[in-house]
Amino acid sequence: MQESYTEALRWLYATQATGIKLGLENVRRLLETLGNPHQQLACIHVAGTNGKGSVSAMLDSVARAAGLRTGLYTSPHLVRFNERIQISGRPITDEEVLAGLGIIREAIARSGCIPTFFEITTALGFLHFLGRRVDLAIMETGLGGRLDATNLITPLVSVLTSIDLDHQKILGDSRAKIAREKAGIIKPAVPVVSIAQTPDVREVIDEVAASMGAPVTYTIEPINDLQIGLTGSHQRLNAALVRDTFTAAKLSISPGALKTGLSSVFWPGRFQALGDRLTIDGAHNLAASERLVQTWSECYPGTSPTIVFGGLRDKDLDKMLDALAPIATRFFLVPVKNPRGEDPANIRPPHGIPGTLFPRVQDAVEAAWKLPQPVLVTGSLFLVGEVLAWLRPGFGQYEVSAQ
Numbered sequence: 001m002q003e004s005y006t007e008a009l010r011w012l013y014a015t016q017a018t019g020i021k022l023g024l025e026n027v028r029r030l031l032e033t034l035g036n037p038h039q040q041l042a043c044i045h046v047a048g049t050n051g052k053g054s055v056s057a058m059l060d061s062v063a064r065a066a067g068l069r070t071g072l073y074t075s076p077h078l079v080r081f082n083e084r085i086q087i088s089g090r091p092i093t094d095e096e097v098l099a100g101l102g103i104i105r106e107a108i109a110r111s112g113c114i115p116t117f118f119e120i121t122t123a124l125g126f127l128h129f130l131g132r133r134v135d136l137a138i139m140e141t142g143l144g145g146r147l148d149a150t151n152l153i154t155p156l157v158s159v160l161t162s163i164d165l166d167h168q169k170i171l172g173d174s175r176a177k178i179a180r181e182k183a184g185i186i187k188p189a190v191p192v193v194s195i196a197q198t199p200d201v202r203e204v205i206d207e208v209a210a211s212m213g214a215p216v217t218y219t220i221e222p223i224n225d226l227q228i229g230l231t232g233s234h235q236r237l238n239a240a241l242v243r244d245t246f247t248a249a250k251l252s253i254s255p256g257a258l259k260t261g262l263s264s265v266f267w268p269g270r271f272q273a274l275g276d277r278l279t280i281d282g283a284h285n286l287a288a289s290e291r292l293v294q295t296w297s298e299c300y301p302g303t304s305p306t307i308v309f310g311g312l313r314d315k316d317l318d319k320m321l322d323a324l325a326p327i328a329t330r331f332f333l334v335p336v337k338n339p340r341g342e343d344p345a346n347i348r349p350p351h352g353i354p355g356t357l358f359p360r361v362q363d364a365v366e367a368a369w370k371l372p373q374p375v376l377v378t379g380s381l382f383l384v385g386e387v388l389a390w391l392r393p394g395f396g397q398y399e400v401s402a403q
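Here my numbering is used: the first residue of the sequence shown is 1, the next is one more, and so on.
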């Protein structure tokens, strides 16, 4: 009896039980067994703490506007697994996932390796991009960079978005240590384009790049004369990073394609308005929360939302709430559908701001909707995905994922 898409995906999600295992040996063996599809692709590699998804989406949108057939690999998904692997803006189909996982499972049996969820998903992305003959594959790292499963490629250019504190237990307890892991995507003589960084981060990037003979360009000035499809002043600097990336990659992108691609880019879950009064934003660490407050103040000056908040145990949720406090009228605290989700009973709102517990995010949003203030849902991309699936059924049925 032939396996179904649902059964194949159930097998894939079951591999998350092994957790996150950074390292390249497993994925190297798997990709060798598959014929090294990654070596036959023209790639742009994107790493960083915040902004990876937005920058990757912009790169994809501009490249498509220039007439290129693109592959886009990102994580996590918001609603459905298929979002992680896209061809020219269209997610991989259920049938393509089923066929690709079948090939990969045979390769796993032949190679004897025991790959993780992310390694299998990365291999699926490479296989799909090669089979669909993309002109350019935009590969976002999952975690870190140096030991990330995507790091077997030799890209046209290595891109570093904003680097800050996140995943400290895995990547290191300082920005400099985290920067060293992210800078691990730098390859010998391959150009590096980085957004403006703090001095401690820049010092590490410069050191690693010099050791690799890789030229570095820093994007300092935002693009202010073009319309950007993503909201917030920080996205204008991300847009400039995208422009500089294509220059470093020696890909000919016309001013018209840049203009069209940047204005039409769509990346759900990042300061996305759902109607007049509800905004969702997947800010999932302190730096992202601070940027969210800045963007809210730019877009809705003088307003204080009811903030529906849920996060993961391995995040500094207290500091995130403190960062959000200047714009908050109240906090509605909710669980996140994720094995790492923090019990909302353990989340403490800042002093002087009321907090109320809810058993489900839907209950919290409905209660907030009855109040006069606007509503902001944030704290985790997984939480934002759940809301998106609920309020925008066209995105599909929500699939719980640990990674």
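Derived by calculation from the structure, the hints in this document are not laboratory data.
For glycine and all other residues, C-beta sits at the position ideal for the given N, C-alpha and C.
Take these hints with a grain of salt, some might be off.
What the hints assert, rightly or not - Each pair of labels, with its calculated beta carbon distance range:
{"id": "1", "residue 1": "Ser263", "residue 2": "Arg360", "range": "45 to 55 Å"}
{"id": "2", "residue 1": "Val293", "residue 2": "Asp173", "range": "35 to 45 Å"}
{"id": "3", "residue 1": "Trp369", "residue 2": "Cys299", "range": "30 to 40 Å"}
{"id": "4", "residue 1": "Gly275", "residue 2": "Arg360", "range": "47 to 57 Å"}
{"id": "5", "residue 1": "Asp173", "residue 2": "Gly302", "range": "31 to 41 Å"}
{"id": "6", "residue 1": "Ile353", "residue 2": "Ala273", "range": "22 to 32 Å"}
Taking the hints in turn, this is what the structure says about them:
1. For Ser263 paired with Arg360, a C-beta distance near 37 Å fails the hint of 45 to 55 Å.
2. For Val293 and Asp173, the Cβ-Cβ distance of about 25 Å falls outside the hinted range of 35 to 45 Å, so the restraint is violated.
3. Checking the proposed 30 to 40 Å range against Trp369 and Cys299 shows it is violated: the Cβ atoms sit about 19 Å from each other.
4. A hinted range of 47 to 57 Å is violated for the C-beta pair Gly275 and Arg360, which are about 20 Å apart.
5. Look at Asp173 against Gly302: about 38 Å separates their beta carbons, and that is inside 31 to 41 Å.
6. A hinted range of 22 to 32 Å holds for the C-beta pair Ile353 and Ala273, which are about 24 Å apart.
Violated hints, listed in ascending order, are 1, 2, 3, 4; each of the other numbered hints is respected by the structure.
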